[in-house]
Each structure stands twice: as C-alpha cells, then as structure tokens.
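Student: The chain contents come next:
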Amino acid sequence: MVENVKELIKAHEGLKHEVYLDNENSTIVPNEILETMLPYYNKRAYGNPTLTHKPGWEAFETIMKSAQKISDFIGAKILEEITFTPGATEANNLAIIGSTFSKRNNGKKIVISEIEPISVLHVSEMLKKFGFSIIKIPVDGKGFVNLEKLSEMVDKETALVSIATVNNEIGTIQPIKEAVKRVKEKNPNTLFHTDASDAFGRIPLNVIDLQVDMATINSYKILGPRGIGALYCREGLEVEKILEGQIGTQKLWPGIENTPLIVGFTKASELAFQDFQLNVDYMTRLRDKLLNGILDELSDVKLNGPKNEKRTPDNLNISILRCEGEALTIEMSLRGIYISSGSACSRRLLQPSHVLVAIGRKYSEAHGSILMKITREHTEEDISYVLKELPVAVKRLRGIVGSTRVE
Amino acid sequence: MDLQELNKMSRIPLPYSQKVIDLFRNPKNQGKMENPTVTSVAGNPACGDMITFYMKIKDQKIIEKITFESYGCAANIATASIVTEMIKGMSLENIWKELTWKKVAEEAGGLPSVKSHCGILAVGAVKRAIRKFYQNESSVPSWIPQDLTYEEKQAMEEEELAEKLAKKLNVPE
Chain C
0 MVENVKELIK
10 AHEGLKHEVY
20 LDNENSTIVP
30 NEILETMLPY
40 YNKRAYGNPT
50 LTHKPGWEAF
60 ETIMKSAQKI
70 SDFIGAKILE
80 EITFTPGATE
90 ANNLAIIGST
100 FSKRNNGKKI
110 VISEIEPISV
120 LHVSEMLKKF
130 GFSIIKIPVD
140 GKGFVNLEKL
150 SEMVDKETAL
160 VSIATVNNEI
170 GTIQPIKEAV
180 KRVKEKNPNT
190 LFHTDASDAF
200 GRIPLNVIDL
210 QVDMATINSY
220 KILGPRGIGA
230 LYCREGLEVE
240 KILEGQIGTQ
250 KLWPGIENTP
260 LIVGFTKASE
270 LAFQDFQLNV
280 DYMTRLRDKL
290 LNGILDELSD
300 VKLNGPKNEK
310 RTPDNLNISI
320 LRCEGEALTI
330 EMSLRGIYIS
340 SGSACSRRLL
350 QPSHVLVAIG
360 RKYSEAHGSI
370 LMKITREHTE
380 EDISYVLKEL
390 PVAVKRLRGI
400 VGSTRVE
Chain R
0 MDLQELNKMS
10 RIPLPYSQKV
20 IDLFRNPKNQ
30 GKMENPTVTS
40 VAGNPACGDM
50 ITFYMKIKDQ
60 KIIEKITFES
70 YGCAANIATA
80 SIVTEMIKGM
90 SLENIWKELT
100 WKKVAEEAGG
110 LPSVKSHCGI
120 LAVGAVKRAI
130 RKFYQNESSV
140 PSWIPQDLTY
150 EEKQAMEEEE
160 LAEKLAKKLN
170 VPE
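Heads up: the sequence lines are chains C and R, in that order. Each step along the first sequence adds one to the number in numbering that gives the first Met the number 0, with nothing skipped, and position 393 is 392. Each step along the second sequence adds one to the number in numbering that gives the first Met the number 0, with nothing skipped, and position 119 is 118.
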C-alpha cells in the first residue's frame with residue numbers, strides 16, 4: 000500500500016503551481032513561526048518546566064508568558080485559566096468529560112448541536128455508556144442553532160451544553176452570547192462549553208463577554224504547528240483531569256509541557272491578532288473572489304452556509320452538483336490544488352458530512368461538496384490559478400457522469 | 000459493519016494503484032451509446048456511487064460494444080472502465096460465469112478495502128444487464144439462476160442501505 004502511495008505522489012511530478020486550500024484539516028506552518036520555535040528545541044528553555052535548573056526555569060517562564068498572551072487574546076482573566084492540550088480533540092474531551100465527571104455535577108443530560116465537530120459528537124456519544132443522555136439541537140438551512148429549541152431542552156438535569164462558536168465546515172458564526180444567556184436563564188448551574196477553534200483569529204472572541212465557562216482553541220487552525228491547542232476553563236470551575244500521570248505546571252493536563260509547540264502556537268496567535276482587521280479583510284476579499292469566480296464559470300453550484308457577515312472570512316464550502324467530491328479532490332490534486340470534500344467516499348463512509356445533512360442538503364448535494372479555507376498566506380495568483388483549473392476539472396468529471404441521473 | 004464502528008475506523012489515505020489513477024485520468028469506453036441493446040444502472044446517488052453500462056449485443060450473444068457513464072469516486076470510474084475492457088468481445092455466458100468483483104479488483108492492481116464495493120457494483124451492473132437482456136428476449140438460459148448472484152445482491156443492498164440512511168439521517172432526534 001505504501002508503494003501505491005509512492006506512485007500516487009509521483010503522478011504529481013512536474014506541477015508548476017501548488018495551492019493548499021485544505022486548511023480545515025492541516026496547514027502549512029509559515030517560516031516565521033517555525034523559526035520562533037526552533038531555538039526551544041536545543042538553544043534555550045528545553046528543560047522540564049517543573050525542575051530546578053536554568054533550562055527548566057527558562058521553560059517555566061516561557062510557558063507562563065505564553066499562557067498569559069493566549070489568555071489576553073481571548074479576554075480571559077488570568078493565565079491559570081488556560082490549559083495547553085495536544086489539540087482541540089483533547090481540549091474538547093477534557094471539557095466534556097472533565098466537567099461532567101466533576102463532583103459538583105449531578106445532571107445526566109448533555110445538550111449539543113447537530114453540527115458539532117466530530118470530537119464533541121463522539122465524546123458525547125461515549126458518555127451514553129456512563130448514563131448520560133445526549134440531546135442534539137437542530138440547525139436551520141444556514142447552520143444556525145435553533146435557540147428556542149435550546150431554551151426548551153435545557154432543564155435542571157442538564158449538566159453541560161457544548162456548541163461551537165463557528166462551524167468548522169460551513170463557517171456559520173453562532174450567537175453564542177445569546178445561547179449562553181438562554182441556557183443560564185433555564186439553569187444557572189448548567190456549564191457552557193464552546194469549541195472556538197474556527198473562531199479564534201477570525202472573529203473577535205472574548206470569553207468574558209460571551210460568558211462561556213469553557214472554550215477550546217487550536218494552534219493549527221491559525222497556521223501554528225499541529226499537536227497543540229488549549230482549553231480555557233473559567234476560574235473556580237470544577238473540572239477533573241481525564242488523564243493520569245506526572246502533573247507539571249498545569250493541573251488539568253499531565254505530562255511534560257511541549258515548550259516549542261506552545262511557543263509556535265503563541266507566535267501564530269500574535270501574527271493572527273497583529274493587523275487583525277487587515278488579515279480579515281484580505282481573507283474576505285480572496286474568498287469572495289474565489290466564490291464569485293466559481294459562480295461565473297460553473298452552473299449548478301450552491302453555497303453551503305451563510306453568505307454575509309455571519310460567515311467567517313476564511314471559509315468557502317460549495318456543492319457542485321453532478322460532480323462527486325472525492326473524485327474532484329483527486330482531479331484537483333493532480334492539478335496541484337489541495338481541497339477536501341464532505342462526500343461519503345472522501346470520508347470512507349456511506350454517509351456524507353453530518354453538517355451538510357443537518358442544514359438540509361440532499362445527499363447528492365453533500366457528495367458534491369468541497370471545502371476550501373483561505374489564509375493570509377494565499378496570494379491573488381493562487382486564487383486565479385484555482386479559478387483557471389477548477390472549472391476544467393469539474394467539466395471533465397461532469398462529462399463522465401453524462402446523462403446518469405444523480406438528483 | 001455497524002455505523003458506530005465505521006465511524007471509528009482509521010482513515011488511511013486511499014492508496015489507489017497507478018492503474019486506477021491512470022484510468023481515472025483517461026477512462027476507456029466512456030460516454031453514452033446511441034441505441035444500445037441493453038442498459039443497466041447500479042448504485043444510488045445517495046451513496047455518491049452510480050454506474051450506467053450501455054451494451055450492444057450481437058446475434059451470437061457477444062458484447063460487440065460497451066460504454067459506461069459514472070457518478071462516483073476515482074475507483075468507481077476506474078473499475079467501470081476496467082470492466083468494459085475485460086468483457087468487450089466476450090459472450091454473455093462466459094461473462095456470467097467468469098466475471099467476479101475479485102478479478103476486477105485484481106485487474107485494478109488491488110482496490111483499497113473500503114473501495115471493493117466499487118468493483119462489486121460494476122460487476123453487479125453487468126450481471127443485471129445480462130439478466131435484463133435475456134428477460135427482454137423472454138428466454139432466460141439455465142446458467143442464469145433465479146436467485147440473484149453475490150454482486151447483484153450486494154448492489155441491491157447498497158442501494159437499499161443508502162435509502163435507509165437517507166431516511167434515518169433526515170429525521171431529527
């Protein structure tokens with residue numbers, strides 16, 4: 000099988016231009032961030048931050064400064080509210096398991112939305128084994144959570160509500176502040192967690208203003224290195240750790256802190272927030288150029304998710320009818336353009352993306368969906384190249400579909 | 000396999016063979032045929048996986064010409080193309096007796112396990128076409144059993160599963 004992959008990679012030889020748009024699933028780490036990280040592997044602060052020597056103290060200082068910066072970027076009160084985790088998956092697990100298993104909690108009901116990220120869906124599903132019931136709140140055609148239904152479903156048994164600030168597939172910005180208000184009105188003891196991975200660095204995010212109890216953020220979603228994320232837990236909140244091991248500087252996550260990754264995450268945050276509005280405007284412009292160019296060139300294309308300022312600036316998710324998504328990702332890859340799809344084949348399941356199904360897309364529409372995320376690293380030329388290649392690729396695949404009825 | 004289990008399967012990158020990629024780029028015998036003797040479809044748009052075959056059959060019950068159209072992934076397109084090449088010029092009886100999805104998968108240079116259903120679907124569509132051809136002629140030969148073959152059954156089950164999933168997922172909890 001590895002031999003086959005070698006051949007697949009070889010089939011791409013001679014590409015003149017490459018554009019990486021699959022920033023939902025991993026990103027390129029810019030040199031500026033990498034260079035900031037490198038000295039922390041062997042020049043300074045390479046020690047264990049809990050130990051009594053210079054490299055350890057340097058590590059301690061670095062990690063605390065980083066936590067301070069991250070807490071400032073999300074408007075947290077104190078740096079102790081930040082727990083670095085190996086990523087958003089782990090942060091979501093910590094938030095959901097750690098809060099529902101804490102001693103103070105006695106409710107057995109968890110409320111999430113239908114379009115939560117996979118880690119939230121799966122960990123909630125797992126908690127059924129421990130006697131929790133899971134309630135999924137429906138969303139409308141643009142992906143907005145039904146707030147009336149949310150108010151209705153929260154009761155004295157509800158331990159936790161988890162709703163992502165921004166949907167990772169279709170970029171819908173949820174009215175989190177209003178959602179928290181409604182939840183707390185029904186039950187002030189219900190905790191509110193939000194996966195804010197796709198909000199951080201794209202829209203203003205302030206945990207005090209939103210009044211959330213916990214929030215997940217993630218390094219690679221803002222061009223930082225993979226393998227690092229963080230969970231914000233409001234001061235005084237009782238959350239149990241979910242892994243056992245040697246406790247370091249953070250009481251909620253055992254093991255030795257990964258200083259270089261923390262540094263990379265912090266640098267990525269600084270870059271995202273420095274010239275924040277410029278970055279946002281730039282991404283919006285490129286994203287709209289891409290969308291409008293596609294709509295000009297191709298018929299039967301639908302935008303998935305909201306169109307206006309209720310959508311994050313980086314996100315473009317479209318359904319290209321009569322064109323299967325996995326085939327399109329391969330066709331585009333051979334042209335040097337890397338995208339992902341919500342098609343069943345692409346996900347190795349018979350089911351297409353649960354998000355697209357939840358917003359009412361037909362299966363045939365979900366199978367033809369592609370997701371592209373713009374970053375500040377993209378150029379006008381990148382977008383022009385995509386606009387040149389995508390219509391040709393789609394037309395070839397639609398040619399193979401021919402008269403087959405796929406509606 | 001249970002869906003809950005499927006959800007937890009590892010997601011290795013689909014290691015398509017060079018041949019699958021070559022045929023995906025340049026499929027053979029692709030396109031609609033005017034006045035075919037018989038056509039058949041397998042798959043369901045809900046699975047994102049559909050194949051149509053068009054066949055011209057000569058008096059001696061030999062496939063003179065075969066083309067396909069496909070809505071599906073790279074493996075779907077490649078296996079459809081492979082099947083057309085494998086059975087062109089063959090007699091319907093020999094196809095029925097010799098064509099299996101395993102042979103198609105072999106010819107494709109191996110298919111990733113989650114993609115074997117593409118081969119099954121293609122063979123199921125061919126067998127459906129042959130069955131339909133004889134039913135149209137109202138003289139089904141003894142080598143076509145009344146019971147559906149493995150591939151025909153699998154194609155049907157996939158179509159039914161897709162319908163079921165589509166229904167199940169659209170009902171809010």
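In case anyone wonders, no lab produced these hints; they're calculated from the structure. A quick note: this is a predicted structure, and the numbers were derived from the prediction, not measured. It is possible that some hints are incorrect.
Covered stretches of chain C, as calculated for chain R (at least 3 residues, CB under 8 Å) [as the list claims (entries may be wrong)]: (1) 4-16; (2) 102-116; (3) 326-336.
For glycine and all other residues, C-beta sits at the position ideal for the given N, C-alpha and C.
Student: Take the hints in turn and mark each one as holding or not.
Tutor: Results of checking the hints against the structure:
Requiring three or more residues with a Cβ within less than 8 Å of a Cβ of chain R, the coverage given for the segment 4-16 of chain C holds, as 4 such residues are present. Counting residues of the segment 102-116 of chain C whose beta-carbon sits less than 8 Å from any beta-carbon of chain R gives 1, not enough to reach three: the coverage restraint is violated. Only residues whose C-beta sits within less than 8 Å of a C-beta in chain R count toward coverage, and the segment 326-336 of chain C has 4 of them, enough to reach three; the restraint holds.
Of the hints listed earlier, the one the structure fails to meet is number 2.
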